[in-house]
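> One-letter residues, chain by chain:
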Amino acid sequence: MTRTEFKLFAAWEYELEELWLNHMEAQGWHLQKIYMGMIYRFEKGEPNQYQYRLEMIDKENGEEYIRFMEEAGIEKIGGYLWWVYFRKRNDGTDFKLFSDVRSRMDHLTRIYNMMNMLRILLTVLLSINYLMAFVAAWLGDRGALVSMFGLIPCVLVAVWLWGGCKSLSYKLQDLQQEQKIHE
Amino acid sequence: MESIALTEAVFYILISMEQPIHGYGIMQSVEKMSGGRVKLAAGTLYGALSSLVDKKWIIALPSEENSRKKEYQITDLGKAAAAAELRRLKELVKNGEAVAGGWDNDKNGI
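If you're matching them up, the sequences are chains A and B in order.
Following this note's numbering, the numbering of the first sequence begins with 1 at its first residue and continues without gaps.
Following this note's numbering, the numbering of the second sequence begins with 1 at its first residue and continues without gaps.
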């Protein structure tokens, strides 16, 4: 028996996504495949066979990394863009990809840098567009301002990205705080 | 030699590779040495190994034809770093023992 779910998670919500996948597993739904990071195919089986973790990996030595993970019994079941979906057979211990504060911070920083780049790119592009529209309107082209309404969805995406970066930087601050005392 | 403390993960990784050892071997060896307390996660281990190779504290040995597993071994530079860390830890233990030695109360479960 298989089942397909459609679900959207933002990059900064990857922990929520892991939680959901592990929750599905607890009901016997094993993740089989992921399409475009939002369509998930599950297959019914015995519950709690696997545990899942997500990581945004560094593409440069990605293949070597995946091989390294395989050695440790961690299997890549799919990926999308820079994201990799890992699973490990449930041996009763908590499956984690990172065991200290530093490496968790490195991972979050990787996600933050990517999101930060996207939000800046989008903000700059939008600013140029709006600036040109205002100039055109000032020069007498009234229609230019009206056409800018079409970009509102992009503005919303930019705001959403800014919010995501904010939440990532809060998480990073918490870890930084912890790092002052613990590793 | 810089005097910054090594992380627990790095120290354990260094002292687990006197003989050539592959990634998963390090995880097992560290867990065993620490009596099950230190469980290195694979992502953390990989990151630490890459930095240690960059620092030349360890080397990645050329892998054999039929083996996909990469093996690592500590260098003299790495041994010096681990020895320096050991000196630092001994100092911590000595001073800690003198003051906090009497505070230890395992009954508190800490």
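Some hints could be false.
To be verified - Using 25 Å as the maximum straight-line C-alpha spacing, the simulated PhoX-like pairs for lysine-lysine come out as follows:
1) K59/A / K32/B
2) K59/A / K56/B
3) K70/B / K55/B
4) K76/A / K55/B
5) K90/B / K32/B
6) K76/A / K69/B
What the hints assert, rightly or not - If you want the ones that stay clear, here's a sample from chain B, every Cβ over 10 Å from chain A, calculated:
7) H22
8) L40
9) N95
Don't read these hints as lab results, they were simulated from the structure.
A quick note: this is a predicted structure, and the numbers were derived from the prediction, not measured.
Beta carbons: idealized from backbone N, C-alpha and C, even for Gly.
> Does each hint hold? Answer for all of them.
Here is what the structure says about each hint:
1. K59/A / K32/B: violated, 33 Å
2. K59/A / K56/B: Given pair K59/A, K56/B holds - Cα atoms ~23 Å apart, limit 25 Å.
3. K70/B / K55/B: holds, 18 Å
4. K76/A / K55/B: violated, 29 Å
5. K90/B / K32/B: Judged against 25 Å, a Cα distance of about 22 Å means the pair holds.
6. K76/A / K69/B: holds, 17 Å
7. H22: violated, 7 Å
8. L40: Check fails; 6 Å does not lie beyond 10 Å.
9. N95: holds, 19 Å
Hint compliance for this structure: hints 1, 4, 7, 8 are not met, and every other hint is.
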